[in-house]
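K.L.:
Below are the chains, spelled out letter by letter.
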Amino acid sequence: MKRFLWPLGIFILLVGFLAAGLTLDPREVPSPLIGKAAPAFDLPVLQQPDKHFIPSDMRGKVWLLNVWASWCVSCRDEHPVLVELSKKGVLPILGLNYKDKSEDAQRWLAQFGNPYQVSVMDADGRTGIDYGVYGVPETYVIDAEGVIRYKQIGPVTPAILEQKILPLAMALKK
Amino acid sequence: MRSLLLAVLFLVAGLSIAENPETENRIRSLEGKLRCLVCQNQSLADSNAELAQDLRRQLREQVAAGRSDAEITDYLVQRYGDFVLYEPPFKASTALLWIGPFALLAGALAALVAILRRRRRAPQEAALGPEERRLVERVLGPGDQA
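Here the protein sequences line up with chains A and B, keeping their order. Going by our numbering, the first sequence opens with residue 185, and the numbers climb by one from there. Going by our numbering, the second sequence opens with residue 41, and the numbers climb by one from there.
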């Protein structure tokens, strides 16, 4: 009798592995940048290209870096969530406008609202590569020391904001 | 005169294509070893995604700047993690991946050997116990000792 339990046991184990595999999203590649200093950049500001922004300007603050583009469809889903967050004023949001045209990006903000304290233009996507961006939108939580603490791949949903980003940001602020 | 001009033109064209076949081969092989993160089952060389094009451009620039293959792959691993490598490096977190199949094979072979040995050692036919013998005798009647 016992020997018949063996294949059953192996089968159950296999089903367990496959079931666990189903819950994983292969598109979500864990970022090696978490816990490391946010890569430096020096990029022109979207509305005033002669002005530049560097991440160290945000030293001492916990902030979000949101990678967006006017051509990005899921950014539209995400945008109201960011606009809502910016109204609360709890967490500064900075935008990295990724591989976009300045006019398109500005029209997009005029149309859907501008949640960003500053948006910078990464026209050729080099800064995006430094941040390991491979699918827009992506959002980074960066702490007061300029260390990346969290990366959201794909749109920020109200649930992710409430359950992950805001609690983490509040904890980092203390 | 025209044929001379044509010959010169062909020569120039040929030269620019084969400008540096070694570098070109190196870039191709590097691109083949790196994964495109957008379409994850394609290498950088195969993918037409914009990110792959950007990464190929960076790769070319870095090769031109004289970086070694290891430096270039490190550059990408720092940004995208080991996932960009088609061949994951051997370390604690990937040990199971590398050793697992061989361990499974060794385990299966050991189990097979053990089963075969047990089978050979086991008596071909079980002898009758005294209880069974009495039963047989009762049914068949007392006969020759088998």
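Hints are not guaranteed to be accurate.
DMTMM-like, lysine to aspartate or glutamate: derived pairs with alpha carbons at most 20 Å apart [claimed, not checked]:
1) A:Lys220 / B:Asp114
2) A:Lys285 / A:Glu329
3) A:Lys335 / B:Glu101
4) A:Lys285 / B:Asp114
5) A:Lys220 / B:Glu90
Which chain B residues stay away from chain A? Per the calculated CB distances, all over 10 Å, these [to be verified]:
6) Glu90
7) Arg119
8) Ala154
Don't read these hints as lab results, they were simulated from the structure. From the three backbone atoms N, C-alpha and C, an ideal C-beta is built for every residue, glycine too.
K.L.:
Could you run down the list of hints and mark each one as holding or not?
P.N.:
How the hints compare with the structure:
The suggested pairing of Lys220 of chain A with Asp114 of chain B holds, with an alpha-carbon distance near 16 Å, which does not exceed 20 Å. Restraint check for Lys285 of chain A and Glu329 of chain A: not satisfied, since their Cα atoms lie roughly 31 Å apart, outside the 20 Å limit. The suggested pairing of Lys335 of chain A with Glu101 of chain B is violated, with an alpha-carbon distance near 28 Å, which exceeds 20 Å. For the proposed pair Lys285 of chain A and Asp114 of chain B, the alpha carbon gap of about 31 Å is over 20 Å, so the pair is violated.
Simply put, Lys220 of chain A and Glu90 of chain B have alpha-carbon atoms about 26 Å apart, too far for the 20 Å limit, and the pair is violated. With a least beta-carbon separation of about 7 Å from chain A, Glu90 of chain B fails to lie farther than 10 Å from that chain, contradicting its non-interface assignment. A Cβ of chain A approaches the Cβ of Arg119 of chain B within 10 Å, the least distance being about 4 Å, so the stated non-interface status is violated. Distance to chain A confirms Ala154 of chain B as a non-interface residue, since its nearest Cβ pair spans about 13 Å, more than 10 Å.
The structure is inconsistent with the numbered hints 2, 3, 4, 5, 6, 7, although it conforms to all the rest.
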